[in-house]
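Q: So the chains spell out like this:
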Amino acid sequence: MRPGGEVGSVRRTGFIEGSVHSFLRVLEHTLESEELTRRAGLLQSLDPRVKLLGFLGLIVATAASRRLEVIAAVFAFACVLAICSRVPLRTLPVRVWAGVFAFTGLIALPALFLTPGRTVGLLPVFGWPITEQGLRGAAYLISRVETTATLSILLVLSTPWTHVLKALRVLRVPIVVVVILGMTYRYILLMIGTAEEMFESRRSRMVGKLEAKEGRRLAIAAAGVLLSKTMQLSGDVYLAMQSRGFSGEVYVLDEFRMRRRDWSWLALFFALGAAAMWIGH
Amino acid sequence: MPAPVFEIEDVSYSYERVAALDAVSLAVPAGQRVALLGANGSGKSTLLRLLDGLCFAASGTVRFCGQPLTEERFADETFSFDFRRRVGMVFQDPDVQLFNPTVFDELAFGPLQLRWPRDLIRQRVTGTLEDLNIPHLRDRMPHRLSGGEKKRVAVASVLILDPQVLLLDEPTAALDPQSQSQTINLLAGWKDTGRTIITATHDLDSIEEIADYCFVFQAGRLAAQGVPAAVLADADLLRRTGLLHAHKHVHASGEVHSHPHRHHDHS
Amino acid sequence: MHIPDGYLSPATCAALYASTAPFWYVALRRLKQLLTTRLVPLLSVFAAFSFVVMMFNLPLPGGTTGHAVGVSIASIVLGPWAAILAISIALFIQAVFFGDGGITALGANCFNMAVAGSMVAYFSYRVIAGKCPIISRRRVLAAGIAGYLSINVAALLAAIEFGIQPMFFRDASGAPLYAPYPLRIAIPAMMAGHLTVAGLAESILSAGLVAWLQRTHASLLSATAPGATAGGGEGRNFGWRAMRPLLAGLAALMLMTPLGILAVGSAWGEWSPRDLADGSARQQIAAASANRELPPGVPRGLERLSSVWTAPFPSYAPRFLRSASFGYCLSGAFGSGLILLAAVAADWAFAARRRSG
Numbered sequence: 001m002r003p004g005g006e007v008g009s010v011r012r013t014g015f016i017e018g019s020v021h022s023f024l025r026v027l028e029h030t031l032e033s034e035e036l037t038r039r040a041g042l043l044q045s046l047d048p049r050v051k052l053l054g055f056l057g058l059i060v061a062t063a064a065s066r067r068l069e070v071i072a073a074v075f076a077f078a079c080v081l082a083i084c085s086r087v088p089l090r091t092l093p094v095r096v097w098a099g100v101f102a103f104t105g106l107i108a109l110p111a112l113f114l115t116p117g118r119t120v121g122l123l124p125v126f127g128w129p130i131t132e133q134g135l136r137g138a139a140y141l142i143s144r145v146e147t148t149a150t151l152s153i154l155l156v157l158s159t160p161w162t163h164v165l166k167a168l169r170v171l172r173v174p175i176v177v178v179v180i181l182g183m184t185y186r187y188i189l190l191m192i193g194t195a196e197e198m199f200e201s202r203r204s205r206m207v208g209k210l211e212a213k214e215g216r217r218l219a220i221a222a223a224g225v226l227l228s229k230t231m232q233l234s235g236d237v238y239l240a241m242q243s244r245g246f247s248g249e250v251y252v253l254d255e256f257r258m259r260r261r262d263w264s265w266l267a268l269f270f271a272l273g274a275a276a277m278w279i280g281h
Numbered sequence: 282m283p284a285p286v287f288e289i290e291d292v293s294y295s296y297e298r299v300a301a302l303d304a305v306s307l308a309v310p311a312g313q314r315v316a317l318l319g320a321n322g323s324g325k326s327t328l329l330r331l332l333d334g335l336c337f338a339a340s341g342t343v344r345f346c347g348q349p350l351t352e353e354r355f356a357d358e359t360f361s362f363d364f365r366r367r368v369g370m371v372f373q374d375p376d377v378q379l380f381n382p383t384v385f386d387e388l389a390f391g392p393l394q395l396r397w398p399r400d401l402i403r404q405r406v407t408g409t410l411e412d413l414n415i416p417h418l419r420d421r422m423p424h425r426l427s428g429g430e431k432k433r434v435a436v437a438s439v440l441i442l443d444p445q446v447l448l449l450d451e452p453t454a455a456l457d458p459q460s461q462s463q464t465i466n467l468l469a470g471w472k473d474t475g476r477t478i479i480t481a482t483h484d485l486d487s488i489e490e491i492a493d494y495c496f497v498f499q500a501g502r503l504a505a506q507g508v509p510a511a512v513l514a515d516a517d518l519l520r521r522t523g524l525l526h527a528h529k530h531v532h533a534s535g536e537v538h539s540h541p542h543r544h545h546d547h548s
Numbered sequence: 549m550h551i552p553d554g555y556l557s558p559a560t561c562a563a564l565y566a567s568t569a570p571f572w573y574v575a576l577r578r579l580k581q582l583l584t585t586r587l588v589p590l591l592s593v594f595a596a597f598s599f600v601v602m603m604f605n606l607p608l609p610g611g612t613t614g615h616a617v618g619v620s621i622a623s624i625v626l627g628p629w630a631a632i633l634a635i636s637i638a639l640f641i642q643a644v645f646f647g648d649g650g651i652t653a654l655g656a657n658c659f660n661m662a663v664a665g666s667m668v669a670y671f672s673y674r675v676i677a678g679k680c681p682i683i684s685r686r687r688v689l690a691a692g693i694a695g696y697l698s699i700n701v702a703a704l705l706a707a708i709e710f711g712i713q714p715m716f717f718r719d720a721s722g723a724p725l726y727a728p729y730p731l732r733i734a735i736p737a738m739m740a741g742h743l744t745v746a747g748l749a750e751s752i753l754s755a756g757l758v759a760w761l762q763r764t765h766a767s768l769l770s771a772t773a774p775g776a777t778a779g780g781g782e783g784r785n786f787g788w789r790a791m792r793p794l795l796a797g798l799a800a801l802m803l804m805t806p807l808g809i810l811a812v813g814s815a816w817g818e819w820s821p822r823d824l825a826d827g828s829a830r831q832q833i834a835a836a837s838a839n840r841e842l843p844p845g846v847p848r849g850l851e852r853l854s855s856v857w858t859a860p861f862p863s864y865a866p867r868f869l870r871s872a873s874f875g876y877c878l879s880g881a882f883g884s885g886l887i888l889l890a891a892v893a894a895d896w897a898f899a900a901r902r903r904s905g
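Heads up: the sequence lines are chains A, B and C, in that order. Counting from 1, one number per residue, gives the positions in the first sequence under the numbering used here. Counting from 282, one number per residue, gives the positions in the second sequence under the numbering used here. Counting from 549, one number per residue, gives the positions in the third sequence under the numbering used here.
Because the hints were derived from the structure by calculation, they are not lab data. Check each hint, because a few of them may be wrong.
With the C-beta cut set under 10 Å, the calculated list includes, among others, these residues of chain A facing chain C [what the hints assert, rightly or not]:
#1 204
#2 216
#3 250
Straight-line Cα separation of at most 25 Å, SDA-like style, residue types lysine to any residue; simulated pairs [unchecked claim]:
#4 229(A) <-> 335(B)
#5 213(A) <-> 685(C)
#6 229(A) <-> 843(C)
#7 472(B) <-> 514(B)
#8 580(C) <-> 393(B)
#9 679(C) <-> 775(C)
#10 229(A) <-> 566(C)
#11 229(A) <-> 198(A)
#12 229(A) <-> 408(B)
#13 213(A) <-> 775(C)
#14 472(B) <-> 454(B)
#15 580(C) <-> 170(A)
#16 472(B) <-> 483(B)
#17 213(A) <-> 766(C)
#18 229(A) <-> 298(B)
#19 229(A) <-> 393(B)
#20 580(C) <-> 559(C)
#21 229(A) <-> 430(B)
#22 472(B) <-> 393(B)
#23 213(A) <-> 683(C)
#24 213(A) <-> 566(C)
#25 229(A) <-> 580(C)
#26 213(A) <-> 226(A)
So the derived label-pair ranges between C-beta atoms look like this [unchecked claim]:
#27 206(A) <-> 770(C): 52 to 62 Å
#28 17(A) <-> 506(B): 39 to 49 Å
#29 80(A) <-> 581(C): 48 to 58 Å
#30 420(B) <-> 577(C): 45 to 55 Å
#31 260(A) <-> 336(B): 48 to 58 Å
#32 581(C) <-> 90(A): 43 to 53 Å
#33 420(B) <-> 105(A): 17 to 27 Å
A virtual CB, placed ideally from N, CA and C, is assigned to each residue, including glycine.
Sequences and hints are given; from them, build the entire structure.
A: Structure follows, in C-alpha cells:
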C-alpha cells in the first residue's frame, strides 16, 4: 500500500486527477534523481557496487536489529551521508520521512494500546491503557521503516538508475534480468507520457464532473490502448533488436572501476554493518 | 555498372492476407544512393524490412551480394553476424530504435552483440558520438532527448558498426523543420562515400539531395523508376501514386487557385 | 499491499525470498525456451505496462477509487509464468527506484502478488472460462472473478505474514519487534480493504480489459484459451444471462446476512453440551420449549458425539477474529463464495462430460 492508502478521494473527477498526479510524481522523481546524481557529493563519487552492497548490508542490519539505539545510529549515519552528498535539506523529510511517519504511524497507533504488557499511561479522552510494550513496538516499526526507506532512497538519489542495475551483477543477478530491468524502466517513462497525454486530453474536453461509470470506461479504454501499444511496441522493438544483431545473448558494458577510495568505503560499510548486526543482537 | 548489392526478384509479401508487396523486382547497385518513393501503405517500409532480413518473402527471392536471404541462412551465426555488421537500418520511430536506457548503452548495443572487445567498443562509442556532434548526450536517457537528438542517436547507433549498406525508413518523419534539414544534410553528406544508402520516403523536397536513383511504389507494386529529376518532372505519375496533391484555395472574389506542391530548384 | 521494510523480520523475508526464487528460476527457464529472442522485449514492455496501470486511480461503485495491480490481466494475456516475471520486475522497480515496498520485503511482495496472484488468477480464470469461445461473456466474468480472488489471496498471505510476526519476534520485554498485530487483528484489517476496494479495482480492470480485447484484439486472449470452441458470443452461455435475476437475488440475500447478528440466543435444537450444562442457558431453552422440563445434565450420547467433528469456524466466528459479528459476516461471504465456486466447478465438470460423452 502506498502512503495514502488505496481508498482515494470521493470527488467524481478525482480519478483523472489522481492518475495524472501519480504520473507526474513519477516523472518528478526521475528528474530529481537525475539531477542529484550529477552533483559532486560523497556518495556520488563512490562506485555503484560499493553503494549497493554497503546499503544493502545496512538495511539488513537495521531489519535484524533488536535494539532501538542501533537503528537510531544507522539512521544518523544515513543523514550524515545525505548531507555530505549535497542532498537538499528538504528532500528527505518531504519525500520520505513525512510520508512514512503518517502512514506507518497511523498503522502503529492502535498498537500502543492493543499490545499486552505493562501500562505506562492512559490515552487521553478514551482512557485506553498505553503499554510500554506497545510504545516500544511502535518505535521499532516506525524507526525501522524510516531508516530503511532513507537508505534506499539515498542509493537511488546518488546513483544513476542504470548504474544501480548494472551493479546488481555483483549480487549474481542474471544479466538477462538486468537488461530487462533497464528496458522496462526506459519504456515506463515512454508509457507514462502516453497515458498522461490520454488523460490530459480527456480532461481538457470535460465539461462538468465525470460519473464513476464513465470514469471506469475511460480508465479501461486508456488501459486498453496502452495494452495494445504494449504489444505493438514489443513486436517492433524485437525487430529493432534483431536488426542490430540480437540473437538471444545479452550483454552489459559498464565503466565501473574500483579505486582505493572505493575499497576503503566498502570496508567501512562492511564494518559498520557487522557492528550493527552484532550489537543489535 | 557496379555489382548489385541487392537483387529482388518477383517478391511478394502479405500481412494478414493484405498484400503489402506484389511481384516486385529491382536491383540496387553497390555504392549508389537510392530512394524508395511512395505514399504511406505503398509497401516501401515492408521492402526495407525484407532487405534487412527481418521478415522473409512468401514468394520470390531477395539476394544480398548474390546470397539469398532466408530464415535458414540467418540461423547460421557467421552469416548473421556478417550481415548485421554490413547492413544497418534506422527505423522510423526512434522510440522503437532506442530501446536501451542510455545513449551510451544504445551505441554499445550493436558492437556488444557482435562481440567486439570492450575497449574497442568504448573507443568507437566516443568516436561516433563526436562524428555526429553529440558527445554531450552520452549519458542521457532517451526520454530526455528531443526529436532531432533521438534521430541522431538512432543514426549513430547504426553508424558505429560502419555498415556498407544503410537502410533508412522515413528519416524525416515527425521531425521539426530544423531537425529535418539537419538530417537531410547528414544524408547528403554521404554522397560518394561508397556506402549504399536506401531511403524510404515520401518527402519529395529532399530526394534530389539524398538520392541518385528512385523507385516509385504504389499499392505494393513498382510503378516507375528513374533519376530524381525525371521522376519529379512527371507530375502525372506523382499525382497517381499519391505523392503529390494540389492545394486549392478560394479567394473572396470567387476565384479558385490550384497549386501543386512544387520542387524548388536549388542550382 | 506493497509491504515496506521493517514490517517483517529478516527470517520471514529470507523464507519468502527462498519460496519465490524457485518460481523465478523456473519461469525464466521456461520463457527462455519458449520465447528465445522475444523474451526481453516482451517482458520488459509488459512489465512497464503493469507498472503504469498500477498507478491508475479506478473509480469504484460507492464513490471511492482504488488501485489495481494488473496481475490478473497479465496472467490472462501472457500466462502465469510470464506474469510472475513481469509483475516481479514491476515490483522491483517500484521498490528500489520509487521506494514503494521494501527491499528486504521484495521477496514477500513478489510471493504474494506476483507468484500467488498469478497462479490464482490463471487457474480460476481457466476453471471458470472453461472451453467457452474467446469472445463469450463468460470470459469477462471469469476475468473479474480471477482478479478479485487473486488480490484477496495475495492480501490474505500478506495478512498472515504480518500476523505471525508478534508470535515469533519479540524483544526481551515482550514488545513486538516487527508488525505488532496478531493474526486476529491483522487478517480482518487487511482483508477489509481488499475485499471491498482493492479486489474490486482489480476485477474491474481485468473484466474491462478482457471485454475490450474481445472487441479489438481477440487473438491476444488465445494464449490462455487452449481448446476454446469457435463461435459466437452466446453459445452455451445463455445460461449466465438468464441467471441474472437469480444472482441478483442471491446477492441481496448475502447483503442481508448481517441481520442474523440481531438474533438473540441460540437456535432451537442447536444446543451444545455447554449450553445444556449452563444454568441460565437451560432456563432460556426451557422457556423456548413451552416450559417443558429439561433432562438433568447433558445427555450422554450428545456429549460423546459432539466432539467427533470440530468445525474450522465454530459458531461462524473464526478463532482469530475478536469480533463475533464481523466473523459472522465474513463467514457469510466466505460460505456463499465457496458454494458459488463449487457450482461453477460442477457446471464445468458436467459440461466437459457432456461434450466428450
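Q: Could you run down the list of hints and mark each one as holding or not?
A: Consistency of the hints with the structure:
1. For residue 204(A), the suggested interface contact is broken, since its CB lies about 18 Å from the closest CB of chain C, more than 10 Å.
2. The restraint placing residue 216(A) at the interface with chain C holds, with a minimum CB-CB distance near 6 Å, inside the 10 Å limit.
3. Given the 10 Å rule on beta carbons, the hint for residue 250(A) holds: about 7 Å separates it from the nearest Cβ of chain C.
4. Under the criterion of a C-alpha separation no larger than 25 Å, the hint pairing residue 229(A) with residue 335(B) is consistent with the structure, at around 20 Å.
5. For a cut-off of 25 Å, the pair hint linking residue 213(A) to residue 685(C) stands: about 19 Å separates their Cα positions.
6. This hinted pair does not check out: residue 229(A) and residue 843(C) have alpha carbons roughly 76 Å apart, beyond 25 Å.
7. Note on residue 472(B) and residue 514(B): the hinted pairing holds, with a Cα-Cα distance of about 23 Å set against a maximum of 25 Å.
8. For the hint linking residue 580(C) to residue 393(B), the alpha-carbon distance of about 20 Å falls within 25 Å, and the restraint holds.
9. Pair hint residue 679(C) plus residue 775(C) holds up; C-alpha atoms about 6 Å apart against a cutoff of 25 Å.
10. Restraint check for residue 229(A) and residue 566(C): not satisfied, since their Cα atoms lie roughly 35 Å apart, outside the 25 Å limit.
11. Our distance criterion of 25 Å between C-alpha atoms is met by residue 229(A) and residue 198(A), whose separation comes to about 13 Å.
12. Taking the CA atoms of residue 229(A) and residue 408(B), the gap is near 35 Å; set against the 25 Å cutoff, the hint is violated.
13. Simply put, residue 213(A) and residue 775(C) have alpha-carbon atoms about 34 Å apart, too far for the 25 Å limit, and the pair is violated.
14. Distance hint between residue 472(B) and residue 454(B) is fulfilled; the C-alpha atoms sit about 21 Å from each other, no more than 25 Å.
15. Under the criterion of a C-alpha separation no larger than 25 Å, the hint pairing residue 580(C) with residue 170(A) is consistent with the structure, at around 22 Å.
16. A hinted pair counts as satisfied when its Cα atoms are at most 25 Å apart, and residue 472(B) with residue 483(B) qualifies at roughly 20 Å.
17. Restraint check: the Cα-Cα separation between residue 213(A) and residue 766(C) comes to about 24 Å, which is no more than 25 Å; the hinted pair holds.
18. For the hint pairing residue 229(A) with residue 298(B), the CA-to-CA distance comes to about 22 Å; that is within 25 Å, so the pair holds.
19. Annotation: proposed proximity of residue 229(A) to residue 393(B) is violated, straight-line Cα distance about 28 Å (limit 25 Å).
20. For the suggested pair residue 580(C) and residue 559(C), the alpha carbons sit about 32 Å apart, so the restraint of at most 25 Å is broken.
21. With a C-alpha separation of about 23 Å, the suggested pair residue 229(A) and residue 430(B) falls inside the 25 Å cut-off, and the hint holds.
22. Proposed proximity of residue 472(B) and residue 393(B) is contradicted: the alpha carbons are some 29 Å apart, above 25 Å.
23. At most 25 Å may separate the alpha-carbon atoms for a hinted pair to count; residue 213(A) and residue 683(C) meet this at roughly 23 Å.
24. Our distance criterion of 25 Å between C-alpha atoms is broken by residue 213(A) and residue 566(C), whose separation comes to about 43 Å.
25. In summary, the hint linking residue 229(A) to residue 580(C) is supported, as the alpha carbons are separated by about 23 Å, within the 25 Å threshold.
26. Between residue 213(A) and residue 226(A) the alpha-carbon distance is near 20 Å, which keeps this suggested pair within the 25 Å criterion.
27. The supplied range of 52 to 62 Å is broken by residue 206(A) and residue 770(C), whose beta-carbon atoms lie about 37 Å from each other.
28. At roughly 56 Å, the beta-carbon separation of residue 17(A) and residue 506(B) lies outside the given 39 to 49 Å, and the hint is violated.
29. Between residue 80(A) and residue 581(C) the Cβ separation comes to about 49 Å, which falls inside the hinted range of 48 to 58 Å.
30. Checked against the given bound of 45 to 55 Å, the beta carbons of residue 420(B) and residue 577(C), roughly 34 Å apart, lie outside it.
31. At roughly 53 Å, the beta carbons of residue 260(A) and residue 336(B) sit within the given window of 48 to 58 Å.
32. The beta-carbon spacing between residue 581(C) and residue 90(A), approximately 50 Å, falls within the hinted interval of 43 to 53 Å.
33. Between residue 420(B) and residue 105(A) the CB atoms are about 39 Å apart, so this pair departs from the stated range of 17 to 27 Å.
The structure fails hints 1, 6, 10, 12, 13, 19, 20, 22, 24, 27, 28, 30 and 33 (numbered hints given earlier, in ascending order).
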